[in-house]
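**Q** Residues per chain are reported as follows:
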Amino acid sequence: MIQLANVCLILAMIFTIYGIFTSLLSVSGQRDYLLVSAERSLYAVFGYIILASFCLTLFLAASDFRIEYVASYTSSTLPLFYKVSAFWAGQKGSLLLWSLLLTAFSSLAIYQNRRRNHDLVPYLIAILLAVNLFFLFLLIFISNPFESLPRPPREGMGLNPLLQNPGMVFHPPSLYIGFVGFSIPFAFAMAAIIKRRRDNDWIRSTRRWTLFAWVFLTLGNLLGAQWAYVELGWGGYWAWDPVENAALMPWLTGTAFLHSVMIQEKKGMLKIWNMILIITTFLLTIFGTFLTRSGIISSVHAFTQTGIGSYFVIFMILIVIFSVGCLFRRLDLLKSKSQFDSILSRESSFLFQNVILIGAAFAVLWGTIFPMISEAVRGTPITVGALFFNQIMVPIGIILLLLIGVGPLIAWRKASLGNLKKNFLIPLLATLVAGVVLYFKLPERQYYPILSFMLITFVVMTILIEFYRGTTARRKSTGSGVFQAFFTLIWKGKRRYGGYIVHLGVIFLYIGITGSAFNLEREVTMEPGETLSIKNYTLRYDSLKNQTDEHKTSVTATLQLLNDGESIAVLKPQRNFYRQSEQSTTEVAIYSTLLEDVYVIFATFDHDAVNLKVLVNPLVMWLWIGGWVMLIGTVIAIWPDRGDRRREEVRYDVAG
Amino acid sequence: MMWRAETLLRVAACLSFLIWLPVSAQAQADMDTIEQSLVCICGCGNMILFNCMCADADQMRAEIRGLIAEGKDEKEVIRVLVDRYGEIILAAPVREGFNLTAYVMPFLAILVAGGLLVSFIRRWKRDAGIEPGRADQETLSSDDPYRQKLEEELKSYRD
Numbered sequence: 001m002i003q004l005a006n007v008c009l010i011l012a013m014i015f016t017i018y019g020i021f022t023s024l025l026s027v028s029g030q031r032d033y034l035l036v037s038a039e040r041s042l043y044a045v046f047g048y049i050i051l052a053s054f055c056l057t058l059f060l061a062a063s064d065f066r067i068e069y070v071a072s073y074t075s076s077t078l079p080l081f082y083k084v085s086a087f088w089a090g091q092k093g094s095l096l097l098w099s100l101l102l103t104a105f106s107s108l109a110i111y112q113n114r115r116r117n118h119d120l121v122p123y124l125i126a127i128l129l130a131v132n133l134f135f136l137f138l139l140i141f142i143s144n145p146f147e148s149l150p151r152p153p154r155e156g157m158g159l160n161p162l163l164q165n166p167g168m169v170f171h172p173p174s175l176y177i178g179f180v181g182f183s184i185p186f187a188f189a190m191a192a193i194i195k196r197r198r199d200n201d202w203i204r205s206t207r208r209w210t211l212f213a214w215v216f217l218t219l220g221n222l223l224g225a226q227w228a229y230v231e232l233g234w235g236g237y238w239a240w241d242p243v244e245n246a247a248l249m250p251w252l253t254g255t256a257f258l259h260s261v262m263i264q265e266k267k268g269m270l271k272i273w274n275m276i277l278i279i280t281t282f283l284l285t286i287f288g289t290f291l292t293r294s295g296i297i298s299s300v301h302a303f304t305q306t307g308i309g310s311y312f313v314i315f316m317i318l319i320v321i322f323s324v325g326c327l328f329r330r331l332d333l334l335k336s337k338s339q340f341d342s343i344l345s346r347e348s349s350f351l352f353q354n355v356i357l358i359g360a361a362f363a364v365l366w367g368t369i370f371p372m373i374s375e376a377v378r379g380t381p382i383t384v385g386a387l388f389f390n391q392i393m394v395p396i397g398i399i400l401l402l403l404i405g406v407g408p409l410i411a412w413r414k415a416s417l418g419n420l421k422k423n424f425l426i427p428l429l430a431t432l433v434a435g436v437v438l439y440f441k442l443p444e445r446q447y448y449p450i451l452s453f454m455l456i457t458f459v460v461m462t463i464l465i466e467f468y469r470g471t472t473a474r475r476k477s478t479g480s481g482v483f484q485a486f487f488t489l490i491w492k493g494k495r496r497y498g499g500y501i502v503h504l505g506v507i508f509l510y511i512g513i514t515g516s517a518f519n520l521e522r523e524v525t526m527e528p529g530e531t532l533s534i535k536n537y538t539l540r541y542d543s544l545k546n547q548t549d550e551h552k553t554s555v556t557a558t559l560q561l562l563n564d565g566e567s568i569a570v571l572k573p574q575r576n577f578y579r580q581s582e583q584s585t586t587e588v589a590i591y592s593t594l595l596e597d598v599y600v601i602f603a604t605f606d607h608d609a610v611n612l613k614v615l616v617n618p619l620v621m622w623l624w625i626g627g628w629v630m631l632i633g634t635v636i637a638i639w640p641d642r643g644d645r646r647r648e649e650v651r652y653d654v655a656g
Numbered sequence: 001m002m003w004r005a006e007t008l009l010r011v012a013a014c015l016s017f018l019i020w021l022p023v024s025a026q027a028q029a030d031m032d033t034i035e036q037s038l039v040c041i042c043g044c045g046n047m048i049l050f051n052c053m054c055a056d057a058d059q060m061r062a063e064i065r066g067l068i069a070e071g072k073d074e075k076e077v078i079r080v081l082v083d084r085y086g087e088i089i090l091a092a093p094v095r096e097g098f099n100l101t102a103y104v105m106p107f108l109a110i111l112v113a114g115g116l117l118v119s120f121i122r123r124w125k126r127d128a129g130i131e132p133g134r135a136d137q138e139t140l141s142s143d144d145p146y147r148q149k150l151e152e153e154l155k156s157y158r159d
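Quick mapping for you: the protein sequence lines, in order, are chains A and B.
The first sequence maps to residues 1 to 656 in our numbering.
The second sequence maps to residues 1 to 159 in our numbering.
Calculated from the structure, these hints are not laboratory results.
Be aware that one or more of the hints could be misleading.
[What the hints assert, rightly or not] Calculated pairs, PhoX-like style, for lysine-lysine (alpha carbon to alpha carbon, straight line, at most 20 Å):
| hint | chain 1 | residue 1 | chain 2 | residue 2 |
| --- | --- | --- | --- | --- |
| 1 | A | Lys535 | A | Lys552 |
| 2 | A | Lys545 | A | Lys572 |
| 3 | A | Lys335 | B | Lys75 |
| 4 | A | Lys476 | A | Lys492 |
| 5 | A | Lys552 | A | Lys476 |
| 6 | A | Lys492 | A | Lys545 |
| 7 | A | Lys421 | A | Lys195 |
| 8 | B | Lys125 | A | Lys267 |
| 9 | B | Lys72 | A | Lys266 |
[To be verified] Covered, in the sense of this in silico footprint (three residues per stretch, anywhere, with C-beta under 8 Å from a C-beta of chain B), are these stretches of chain A:
| hint | stretch |
| --- | --- |
| 10 | 105-118 |
| 11 | 164-176 |
| 12 | 314-323 |
| 13 | 366-380 |
All residues carry an ideal CB built from backbone N, CA and C; glycine is no exception.
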């Protein structure tokens with residue numbers, strides 16, 4: 001079985017190399033039979049990677065400790081759910097997951113486009129297989145998940161207790177789907193410029209892929225935040241850890257790309273800029289994988305390993321040389337006629353938003369690598385942590401929030417004064433009212449949160465007005481009821497209204513993030529029967545319980561949470577001591593409402609006395625709701641409609 | 001209209017100096033503030049001392065309590081700890097010398113990019129030439145009938 005898995009990887013590599021050559025050979029001399037062969041070789045590679053992945057899953061499920069990877073990340077007593085999730089717990093499995101996802105997406109993209117973009121297919125196959133070749137090289141020669149041990153241990157080392165959380169089962173695959181998903185628009189962009197295509201078809205063909213990758217990257221980041229919140233037990237969800245930053249950067253550039261391609265679609269402009277954006281996004285996905293899996297920078301993701309960093313650096317340099325080379329060779333082809341009528345137009349607001357998003361990505365990158373730069377220049381190691389990032393990113397986030405609200409209100413091409421007055425008046429009035437109320441009502445007069453909530457009001461108003469106007473207009477023209485008009489509006493304008501729903505989700509994220517400015521925290525040592533008051537809550541410590549199972553010893557404190565004297569929940573924060581890994585973890589207890597979370601961390605205990613950290617974190621739940629809303633909005637925006645299909649058919653006919 | 005656009009841009013540029021506003025309330029200049037300015041020496045992902053729950057964090061807290069008991073103020077406590085553990089325990093680079101670039105570069109990049117964008121838009125606008133009476137119009141793709149219908153409906157609603 002081990003040999004079978006290794007043979008699968010080797011065959012995948014052989015077919016990958018074969019596919020690259022045949023696809024490129026098929027271009028010279030229009031040899032279609034070679035292209036068919038290249039396409040089939042891609043499917044074959046996908047098949048071999050599936051088989052190899054299946055083997056790894058079986059080894060993990062069966063606790064086959066002959067395999068070094070299985071022995072390092074699982075133990076025989078680990079629940080099956082976590083045994084299987086150990087697939088992506090370490091570097092080797094994660095690399096196999098990359099390859100699996102890449103070949104799956106590549107196969108699907110090629111299958112979809114074999115008619116629609118027939119001329120691009122050879123280049124697409126070559127580029128996507130070349131990326132896969134890098135991962136197969138690592139899997140076979142540097143970081144083989146099927147490496148066997150000369151003397152298999154009787155028991156494995158087990159999975160890091162921090163990774164034994166349902167969030168961790170979904171967070172890495174979701175992030176990887178996002179990372180890998182951006183390979184498809186990147187490959188299309190490169191294929192289009194190599195093929196000297198001047199049209200915007202590659203953007204239309206990859207719009208859904210881009211949105212798909214983007215939403216998974218969004219969910220991956222949010223699932224990671226949720227995991228950090230419930231599992232790391234420090235009271236927050238985002239620590240500006242280098243690995244978190246690595247996943248945020250492609251999200252920011254990907255978001256810029258999503259908006260900027262709309263201008264290319266509408267006006268045929270910004271072709272070079274969009275190329276730069278997709279190249280940067282793809283590079284940042286590779287950089288993200290490198291940062292996560294190389295362990296080059298100290299991180300809470302310290303369960304990763306080193307050893308592959310230099311290969312990633314070489315690969316990234318090759319990507320830069322290839323993509324920038326392609327771009328420069330076709331620079332004349334990409335130059336487009338400018339059609340800007342005014343600075344006050346939706347196009348320019350999209351571009352300013354692009355500047356802010358790219359600026360934000362740069363700020364995150366700069367902060368992440370600054371310790372290395374500073375050490376190289378000054379010779380003194382420094383830390384660039386949350387304190388720095390909050391100071392830099394909060395103002396940038398506020399400007400971005402303003403642009404989210406302003407963008408959709410300004411007309412395309414050129415906004416007139418009438419247009420501005422009509423669209424801005426109500427949101428601005430609502431914003432001012434919100435500002436006055438917040439200024440007098442908030443417990444602490446903090447400028448940023450007030451500004452943020454004011455802008456949140458502004459954006460929410462703009463979105464609601466858009467829906468109101470659309471629904472009313474529809475009712476007027478069709479005579480239908482409110483609900484029917486509302487849902488038909490969304491259904492018939494999926495892309496536009498799906499986009500607004502995504503924006504609403506982003507606003508919910510902003511609500512959650514802004515709430516963190518009002519976090520309250522108390523640290524206390526309590527004996528049974530004692531109480532702690534925080535805000536309008538009272539926490540009564542009742543008892544301490546010790547429990548031992550085959551993996552760990554758990555100490556659980558039982559606390560009654562009272563609100564204005566009335567019991568509302570029983571909270572049971574825990575400390576676990578894992579025997580095998582000799583590690584201890586904290587399981588926090590959270591009482592969550594739309595308004596705030598009561599978050600209890602069990603720090604230490606001495607006999608019956610417990611040391612607790614109690615936090616009241618306002619509005620956290622809005623973050624998770626925001627994630628779901630963004631998912632719903634994206635699904636609506638991606639959903640195909642008959643109009644799309646009809647337009648595609650017309651395009652084929654014209655092309656045919 | 002031009003001057004309005006420029007005013008808007010100036011406001012946007014001013015907004016980037018919001019960095020100097022405090023991000024969260026500095027309620028008490030004591031233990032909490034000091035803990036929030038430092039990272040734990042355990043090195044677990046640059047964890048702010050205030051949030052860290054490990055044994056090293058407890059040891060650092062005890063040191064800070066000791067220094068406060070000696071009558072040292074916030075700055076003196078931090079200075080002693082920096083001398084002891086090095087600059088690496090500061091949660092953010094000090095705003096002086098080369099470290100200033102950490103704070104300035106992101107905003108400088110945004111302002112330069114924003115300025116370039118304004119000049120590009122002006123050039124594009126000049127190249128395109130302005131046709132009067134096109135305001136408020138959406139560029140509609142001829143292959144998007146629903147969109148046209150929606151815009152017509154919205155227009156009739158506005159009228």
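**Q** If you count the residues of the stretch 164-176 of chain A with a beta-carbon closer than 8 Å to a beta-carbon of chain B, do you get 3 or more?
**A** Check failed, 0 qualifying residues.
**Q** Residue count check for the stretch 314-323 of chain A against chain B: does it reach three with CB-CB under 8 Å?
**A** violated (count 0)
**Q** Can the restraint linking Lys545 (chain A) and Lys572 (chain A) be considered satisfied, given a maximum Cα separation of 20 Å?
**A** Answer holds: Lys545 (chain A) to Lys572 (chain A) is near 10 Å, not above 20 Å.
**Q** Taking 8 Å as the C-beta cutoff, is the stated coverage of the stretch 105-118 of chain A by chain B satisfied by three or more residues?
**A** The restraint on the stretch 105-118 of chain A is violated, since only 0 of its residues have a Cβ under 8 Å from chain B and three are required.
**Q** Is the Cα-Cα distance between Lys125 (chain B) and Lys267 (chain A) 20 Å or less?
**A** 14 Å, holds
**Q** Given the hint that Lys72 (chain B) pairs with Lys266 (chain A), does the C-alpha gap stay at or below 20 Å?
**A** 63 Å, violated
**Q** Holds or violated: Lys535 (chain A) with Lys552 (chain A), Cα cutoff 20 Å?
**A** Roughly 35 Å separates the two Cα atoms, so the pair is violated.
**Q** Going straight from one Cα to the other, do Lys476 (chain A) and Lys492 (chain A) come out at no more than 20 Å?
**A** 16 Å, holds
**Q** Can the stretch 366-380 of chain A be counted as covered by chain B under the rule of three residues or more with Cβ-Cβ separation shorter than 8 Å?
**A** Holds: 7 residues of the stretch 366-380 of chain A have a Cβ under 8 Å from chain B.
**Q** Are the Cα atoms of Lys335 (chain A) and Lys75 (chain B) separated by 20 Å or less?
**A** 56 Å, violated
**Q** Straight-line Cα separation of Lys421 (chain A) and Lys195 (chain A) no greater than 20 Å?
**A** Violated, because 46 Å separates the two Cα atoms, which is more than 20 Å.
**Q** Holds or violated: are the alpha carbons of Lys492 (chain A) and Lys545 (chain A) at most 20 Å from each other?
**A** 58 Å, violated
Checked against the numbered hints listed earlier, the structure breaks hints 1, 3, 5, 6, 7, 9, 10, 11, 12; every other hint is satisfied.
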